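Asks: Protein chains in written order, with this note's numbering: chain P, 1 to 697; chain S, 1 to 319.
Because the hints were derived from the structure by calculation, they are not lab data.
Any given hint could be a false lead.
Said to hold, decoys possible - In silico BS3-like links for lysine-lysine, alpha-carbon gap of 27 Å or less:
#: 1; chain 1: P; residue 1: K531; chain 2: P; residue 2: K445
#: 2; chain 1: P; residue 1: K466; chain 2: P; residue 2: K481
#: 3; chain 1: S; residue 1: K239; chain 2: P; residue 2: K466
#: 4; chain 1: P; residue 1: K531; chain 2: P; residue 2: K479
#: 5; chain 1: S; residue 1: K144; chain 2: P; residue 2: K479
#: 6; chain 1: S; residue 1: K239; chain 2: P; residue 2: K445
#: 7; chain 1: P; residue 1: K479; chain 2: P; residue 2: K445
#: 8; chain 1: P; residue 1: K466; chain 2: P; residue 2: K445
#: 9; chain 1: P; residue 1: K445; chain 2: P; residue 2: K481
No experiment lies behind these values; they were computed from the predicted model shown.
The lines below spell out each chain.
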Amino acid sequence: MSTENVDAAGPVRRGPAPGEPRTGLRARLSHAWQPFRRASRVSRVLIFSGLGIVVFFLFAAFLGPLLYEYDGTQYRVEVAPGQFEPIRALQPPSGEHPLGTTRDQFDVLGRIIDGASLAFAVMALAVSIAMILGVTLGLLSGYRGGPIDRALVTAMDAVYAFPALVLAIITAFALSAIISPGVIPAAAAVGVVYIPQYFRVVRNHTLSVKQEPFVEAARSMGAKERTVLGRYVFFNVVQTVPVILTLNAADSILVLASLGFLGYGVPPPTAEWGYDISRAITDVPAGVWWTALWPGLAIVILVTALTLVGEGLNDVINPLLRSRGKTGPKIEPAPREDTPADGGTAAGAAGAADAGQQSGRPSVAVRGLRVGYRTPDGPLWAVDDVSFDIYPGESLGLVGESGCGKSSLGRALMRLMPPGGVVRGRVEVAGEDMVGISESRLRNKRGQDLGLVFQEPMTRLNPLMKISDHFIEMIRTHKPKVSRAEALEIARTALSQMGIPPTRVESYPHEFSGGMRQRAMIALSIALEPKVIVADEPTTSLDVIVESQILDIFGRLRSEEQIGLLLVTHNLGLVAETCDRVAVMYAGKIVEIGPVDQIFNDPKHPYTRGLLASTISLETTELHSIEGYPPSLIDPPPGCRFAPRCPYVMDHCTDAVPQLAETNPEQRAACYLYPGAGAPVPEGVRAPEGNPQETGV
Amino acid sequence: MVLILLTLVFLLLRAVPGDPVTATLGGRATPAQIEAAQEAMGLNDPLIVQYLQYMGGALTGDFGNPVTDPRGVVEIVAETAPATMELALAGMLVAVTVGILVGGLAGRLRDTPFDIGGRLFGIIAYAAPVFWTGLLAQLFFAVKLGWLPSSGRAGGFDQPEWITGFYVLDSLLTGDMAALQSTIEHLILPAITLGLLVGGIFIRLVRVNMMQTLRSDYVEAARARGLRERNVLYRYGFKTALIPIVTIMGLQFALLLGNAVLTERTFNWPGLAQALVDFIGQRDYAAVQGIVTFIALVIVGVSLIIDIITGLVDPRVRY
Ligand SMILES: Nc1ncnc2c1ncn2[C@@H]1O[C@H](COP(=O)(O)OP(=O)(O)OP(=O)(O)O)[C@@H](O)[C@H]1O
Ligand code: SF4
Ligand SMILES: [Mg+2]
Chain P
1 MSTENVDAAG PVRRGPAPGE PRTGLRARLS HAWQPFRRAS RVSRVLIFSG
51 LGIVVFFLFA AFLGPLLYEY DGTQYRVEVA PGQFEPIRAL QPPSGEHPLG
101 TTRDQFDVLG RIIDGASLAF AVMALAVSIA MILGVTLGLL SGYRGGPIDR
151 ALVTAMDAVY AFPALVLAII TAFALSAIIS PGVIPAAAAV GVVYIPQYFR
201 VVRNHTLSVK QEPFVEAARS MGAKERTVLG RYVFFNVVQT VPVILTLNAA
251 DSILVLASLG FLGYGVPPPT AEWGYDISRA ITDVPAGVWW TALWPGLAIV
301 ILVTALTLVG EGLNDVINPL LRSRGKTGPK IEPAPREDTP ADGGTAAGAA
351 GAADAGQQSG RPSVAVRGLR VGYRTPDGPL WAVDDVSFDI YPGESLGLVG
401 ESGCGKSSLG RALMRLMPPG GVVRGRVEVA GEDMVGISES RLRNKRGQDL
451 GLVFQEPMTR LNPLMKISDH FIEMIRTHKP KVSRAEALEI ARTALSQMGI
501 PPTRVESYPH EFSGGMRQRA MIALSIALEP KVIVADEPTT SLDVIVESQI
551 LDIFGRLRSE EQIGLLLVTH NLGLVAETCD RVAVMYAGKI VEIGPVDQIF
601 NDPKHPYTRG LLASTISLET TELHSIEGYP PSLIDPPPGC RFAPRCPYVM
651 DHCTDAVPQL AETNPEQRAA CYLYPGAGAP VPEGVRAPEG NPQETGV
Chain S
1 MVLILLTLVF LLLRAVPGDP VTATLGGRAT PAQIEAAQEA MGLNDPLIVQ
51 YLQYMGGALT GDFGNPVTDP RGVVEIVAET APATMELALA GMLVAVTVGI
101 LVGGLAGRLR DTPFDIGGRL FGIIAYAAPV FWTGLLAQLF FAVKLGWLPS
151 SGRAGGFDQP EWITGFYVLD SLLTGDMAAL QSTIEHLILP AITLGLLVGG
201 IFIRLVRVNM MQTLRSDYVE AARARGLRER NVLYRYGFKT ALIPIVTIMG
251 LQFALLLGNA VLTERTFNWP GLAQALVDFI GQRDYAAVQG IVTFIALVIV
301 GVSLIIDIIT GLVDPRVRY
């Protein structure tokens, strides 16, 4: 991980110093820049090339008429005072007329420049009209509610569903009965098309804001309701409107040109790109290409540029589309600490020695495992040099505060990484290293040797596939020789083991409740009888009855099928009930590992003690919570990562990372309070003892 | 929805512009003739009566009679709508094909040169006005290379016998291969011109949806089960990404119809949109109103069809 990068980002995050306007401006600018920095490089390039082109067109539209000698509607040149000479029609591009002349004796470049001015004028007017009407109606609709709201919503839906161009034509047509054609009716005709979009955004925000408690609160404090509403709606809408606005601006140019092409736009001879193209239709067969080509190119380029800006903004504003993990500096391949990272060396040997109650070969042997992510603020190791084993039929609990890397560890066992994530170290499953093997070998082992159960069952099944198809697909992928009927039979058995009637196998996922889906997921992950199941908070979103059913299932699988279990959870009670051993993680490292009863009754590491003391149980005398928060993984504290929060912290704690050392038989902690962590325990230091819920941290 | 749309059409065309007959016949008729025409169209009745008559007519398939054309609107629609529909369907085919192929691949290969190229292509395809691309296509493929005809629906002697009005279908029904060939040759340029524009939008939609589903929980879960990448991409990424596309296809169809107006004008395609534009030029309010009413009904019909299709492909909305 590169420290330069953190430094470079440092000043950005620091607030402006008071009384220094220059820093203030810089800080504010960099604040506005923040989302751009997080967006992918592609989006940034798109936005800025688009902006460049738009600015170029703006210059052409406003300065062009001053700089360029021909007017768009000028058909003759004044050669001497009072003496005119006509411009010759349909001349090809030349030095005199860089883009040629039209059949109406106009200069093409002059018309393009004038057309740009017109396009910008209509664009601005049309979008303003749409925005003013849409926002007003949206506020009215959302604020008033009731029948007005319903009528407006349906009407807007209808307008939105109607072909935009036909709507614009008809509006232009209807307006022409009232006012004479010109820029304003054309802009109005174009603008009508976009009203529903603003209406919808503003109405929805008004509705949701109206129900917010803070509006109620502000109202009761005497603030004028409308002011409050207005302000909050404004701040919410401001995030979405720029995108709509830019895209509409782009579209309005097309609609204006289309109106012009059909002859319902701004009346001739005003320079307008669409009208000019319609005039050029008859030129084309005669081999006159310049009258049609240039105005069309102008449209394409300007609309493309505006769309690029709009799309880029959307990428930046809409975090869903952000490419996570692909921004920011690359992760350095070299491990950053001096602890050996591969098996067979100190950590590995120690890991193997930790051994647990079981003997024989472990189902999963993890050595020096690291999981890294690239983030916009810099690379981080979410799991940093972790080693442990899981034996057949054994259940290992994995606990720790949110963000300490539990899920990352679970997924890393399968090398299941999002873009930008990397796995280092060794994960040996059935004699093969998951980190090193080829993609196809890895796919073979996923699902077959290792099963993964996720936290959120609702969204883990393909909504378009029946439950049975999920099974058949997976079983036949791994065992092509199994027939569909046999696979279906396996599915039925697995489901009924989970307490789901086999008849439900033909259901779709949405026909299952959350608990059923989770049980189906578990059935799916055990269908191929893997060696180990990694269950990442499998019961967090379920009620206690389903939870205990699922835990029973796990228990049975372990005793009957000798399946190992890695249970990731926040719930210490669950661990006490289900697990043989437990590993405690803090900031990417395992700080303590050992048999459940020992860890619960006599935890050694101050973090484990704090964690237990903050949990309610029968023995609780006083509830303590650990002060402070876990450190940033991007720039973790030196030495022991718990030092900033540790009540026992000593001077040398921050010097080097403490190693896991045996504190009881089979129980190991990484803390300098115990001998073997890497430094001698100073004279007079007494390690805490006993159950922290009784004796205190 | 139907009622609201029709009401809007009525308001826009009947209530706003004042007196349609004077506007239509203008200086061409005597005051007595105008009076008679107004009486005949029921324009002297109160607005509410006119409204009810209009709605009643529209819902029972009576779209009124043009002032400038002896045929009824229904007849005009029957003669021109098949041409428009044929063009629109062919365009949709092009749009969907291009959109799914390019958008799906771009979403899969996000931030690679293909993605950037596909995205740019989508944006430019949408940014280019159909009448301009149509013109260029005519110039190049029809005038210069002479590969394809530049306008009309079929060669003079190759028109199929009129059965449904859909030439492709008609020539297949009558087994008239010359007509089929001519029809398809005439259809290619307009359909591609129109389809590329809408395809530009599809590319964007498919790409974004593909990106989102590829990052979804069930894709991760599918990978965790060790499925083949091809399977994950196709069954979990691609197929589920298409569902939201189907649901918004109705809107794209409206876009397609709107741009059919321009395509028909460019390729001299004898369709409904062309007729609409002609009547607008003649300021024939009655005809415009009738045709627009028909378009409104088509839009509603399409959204119904889309609902049905969604129901067929998405188990979550099956009944
Ligand atoms: N895809 C990712 N890209 C970048 N950073 C990530 C990514 N996934 C996780 N992280 C970071 O890695 C760290 C560990 O995340 P992880 O999800 O493993 O924590 P956890 O212990 O499972 O937390 P929780 O208990 O909340 O589920 C966090 O700091 C998180 O911000
Ligand atoms: S090593 Fe030091 S700082 Fe870390 S937990 Fe032990 S006593 Fe606390
Ligand atoms: Mg987690």
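Asks: Now look at each hint and say whether the structure bears it out.
Replies: Results for each hint:
Under the criterion of a C-alpha separation no larger than 27 Å, the hint pairing K531/P with K445/P is consistent with the structure, at around 10 Å. Of the supplied pair hints, the one linking K466/P and K481/P holds, its CA atoms being roughly 22 Å apart against a limit of 27 Å. The suggested pairing of K239/S with K466/P holds, with an alpha-carbon distance near 14 Å, which does not exceed 27 Å. Distance check on the hinted pair: K531/P and K479/P sit about 16 Å apart at the alpha-carbon level, within 27 Å; holds.
This hinted pair does not check out: K144/S and K479/P have alpha carbons roughly 59 Å apart, beyond 27 Å. Proposed proximity of K239/S and K445/P is supported: the alpha carbons are some 26 Å apart, at most 27 Å. Proposed proximity of K479/P and K445/P is supported: the alpha carbons are some 12 Å apart, at most 27 Å. A threshold of 27 Å between alpha carbons decides the hint, and for K466/P with K445/P the separation of about 24 Å falls inside it, so the pair holds.
With a C-alpha separation of about 17 Å, the suggested pair K445/P and K481/P falls inside the 27 Å cut-off, and the hint holds.
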